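*Asks:* Based on the provided sequences and hints, a complete structural model is requested.
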Amino acid sequence: MSEPSQPVNSRNLLDRISEATGRATAWLTLLMVLVTFVVVIMRYVFDAGLIWVQESVTWMHAVVFMVGAAYTLRHEEHVRVDIFYRAAGARRRAWVDAIGVVVFLLPLCAFLAVKSWDFVAVSWSMKEASRESGGLPYPLLPLLKTVLVIMPVMVSLQGLSLFANAVRTIRAPGGSD
Amino acid sequence: MEWVALLLFLSVIAVLLAGFPVAFTLGGTALIFAAAGVVTGTFNEALLSGLPNRLFGIMTNETLVAVPLFVFMGVTLERARIAEDLLDTLSALFGTLRGGLGISVTLVGMLLAASTGIVGATVVTMGLLSLPTMLKRGYSPGIAAGTICASGTLGQIIPPSIILVMLGDVMTSAYQQAQLEMGIYSPKTVSVGDLFAGALIPGLLLVVLYVAYIVVAAIAKPALMPAHERGPDERVGFGAVMGALVPPLVLIFAVLGSILMGLATPTEAAGVGGMGALLMAVLRKQLDLGRLTEIMQSTLRISSMVFLILIGASVFSLVFRGYGGDEGVRAVLEALPGGVIGAVVVVMLVMFLLGFVLDFIEITFVVVPIVGPVLLAMGLDPVWLGIMIAINLQTSFLTPPFGFALFYLRGVAPPEVPTSAIYRGVIPFVAIQVLALLLLAIVPELVTWLPGQVYGR
Chain A
1 MSEPSQPVNS RNLLDRISEA TGRATAWLTL LMVLVTFVVV IMRYVFDAGL IWVQESVTWM
61 HAVVFMVGAA YTLRHEEHVR VDIFYRAAGA RRRAWVDAIG VVVFLLPLCA FLAVKSWDFV
121 AVSWSMKEAS RESGGLPYPL LPLLKTVLVI MPVMVSLQGL SLFANAVRTI RAPGGSD
Chain B
1 MEWVALLLFL SVIAVLLAGF PVAFTLGGTA LIFAAAGVVT GTFNEALLSG LPNRLFGIMT
61 NETLVAVPLF VFMGVTLERA RIAEDLLDTL SALFGTLRGG LGISVTLVGM LLAASTGIVG
121 ATVVTMGLLS LPTMLKRGYS PGIAAGTICA SGTLGQIIPP SIILVMLGDV MTSAYQQAQL
181 EMGIYSPKTV SVGDLFAGAL IPGLLLVVLY VAYIVVAAIA KPALMPAHER GPDERVGFGA
241 VMGALVPPLV LIFAVLGSIL MGLATPTEAA GVGGMGALLM AVLRKQLDLG RLTEIMQSTL
301 RISSMVFLIL IGASVFSLVF RGYGGDEGVR AVLEALPGGV IGAVVVVMLV MFLLGFVLDF
361 IEITFVVVPI VGPVLLAMGL DPVWLGIMIA INLQTSFLTP PFGFALFYLR GVAPPEVPTS
421 AIYRGVIPFV AIQVLALLLL AIVPELVTWL PGQVYGR
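Residue numbers (the numbering used here), protein chains in the order written: chain A, 1 to 177; chain B, 1 to 457.
These are computed hints drawn from the structure, not numbers from a lab. Treat the hints with care, as some may be off.
Just so you have them, the derived chain B footprint on chain A, three or more residues with Cβ under 8 Å [unchecked claim]:
hint : region
1    : 54 to 61
2    : 75 to 84
Here are the simulated distance ranges between beta carbons [as the list claims (entries may be wrong)]:
hint : chain 1 : residue 1 : chain 2 : residue 2 : range
3    : A       : V53       : B       : P337      : 54 to 62 Å
4    : B       : G452      : A       : M126      : 41 to 49 Å
5    : B       : F253      : A       : F46       : 19 to 27 Å
Please read these numbers as outputs of a predicted model, since none were measured by experiment. From the three backbone atoms N, C-alpha and C, an ideal C-beta is built for every residue, glycine too.
*Replies:* This is the structure:
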């Protein structure tokens, strides 16, 4: 809704990583719709249950919002409470972003990545597979869990880009508060 | 240590106002409180060790898979310009009546319920779409603004809205928790389908009340919304009307009907709906690779936004619980005079005020899990409570001077629409909302009857 404090056309390496992964991951949303549709047809028309295929929609969904999080940050679509932010000048918004990245985003991401690391490592080392029928086999289950580490790492990188842009705005001469 | 939990809650609200993205602010503030607690020995760090498992639970929550699928359907309908066509056709049909355009806007708001979960987005879309036409045709700015804000927020509570999917998921676990605490070990369940069914009659009731108000106002003060003289080039043929009306109606009734008749889960219905929307876009020659890419990327961004808030909210609620916030809230609510009625009134008032600051998603993921189990343990019906919360929040978004919807409409309204006109125009709709809330409080069957019929609860 509000004007982004970072230029969407900026082309640094971090932005490009987020952009490319986001665009690639977005195809999964279409695949989710198609697979769900096929599962429904198979179930109601051919009376065939495809539990594994049906479950795959959930896994794609998880990958979509986790791996797409950095891309979403780059496109300024993680909602803000913008009652005041919206009305603020570019420089003040840049301050909010710079402080927010350092105080909230980076610590939260670091915490999530560190906490999830063991959870994911254990899953890999015991070659974990789901015990439920239609659940994920090894190595897909650990792979899906690894997304828990990938998300905070990627969001941190995009956060650094947001920080760099914010600092540039703050330092730019002639900015207004 | 309940006061720390209260302090955490108040700090989060205060910090959110600075405007950093909600998901990171929620989680980040909670972490700072947890860290301070660990250092001073007042917070047990072990409480956070279950976090990865919880987050993985969010990733594999099958109910919530319906969210991106419904978003996909909504975005596709939006990009295929279905709303524009619907509004054009309906206003061509009804525009020659006094108030006809206002009624058309209300109906389009109702039909395009699913599009997004964000209050701002719907009001902005509706505002861009209908405000210029309404003003051009001589509608008073107040009544035009009021109609757009009310019908733009109405989509939130009319199924299949993604808000109801999220609220349904939160209510499911709140209900389980409440019953376990009451010592019921074979608990009854509540589903997203229950919430869809429960929302239908109250949603339609609101539509009827809006339309009734527009009709009465049009008769009492014709100058507010003049009838439109149809020009020779504005005639619409029967075929055009059917072409614009039938496909979206069929799609929405198929999606909703299959859920309500128990033929499909909300997730299945959403997938089929997404496919149907794609098909419609193809048939209308509105779909090429570029637009498909836009739809996919927009869907990804909206669902990532929603679920990152859920992740931030989980970190928050772990810490809030760790400081005994749950117990504190329970003690306060149970000590209120008037028993369950007092508790509901206070919770509704607090949510109404929070609605000035927080959007639907945040309140659903942050506040409902805290107060829901307590209220349900007092014997309230979960579907009734969910719908009351939804309509209450919609009312909050409409209430001057802080309502979200008003801000967003202000953003897209031309300068000749004074802010005071927006405020004045929306007040009758706020009154309608309050009336509806009172009605549902007095006659809860308006909510609970249909789910009982459909699912035999």
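*Asks:* Hints first: check each against the structure and report whether it holds.
*Replies:* For each hint, the structure was consulted:
Counting residues of the region 54 to 61 of chain A whose C-beta sits closer than 8 Å to any C-beta of chain B gives 4, which meets the bar of three, so the coverage hint holds. Look at the region 75 to 84 of chain A against chain B: 9 of its residues bring a Cβ nearer than 8 Å to a Cβ of that chain, three or more, so the hint holds. Checked against the hint of 54 to 62 Å, the C-beta distance between V53/A and P337/B comes to roughly 55 Å, which is consistent with it. A hinted range of 41 to 49 Å holds for the C-beta pair G452/B and M126/A, which are about 47 Å apart.
The supplied range of 19 to 27 Å is met by F253/B and F46/A, whose beta-carbon atoms lie about 25 Å from each other.
The structure is consistent with each of the numbered hints, conforming to all of them.
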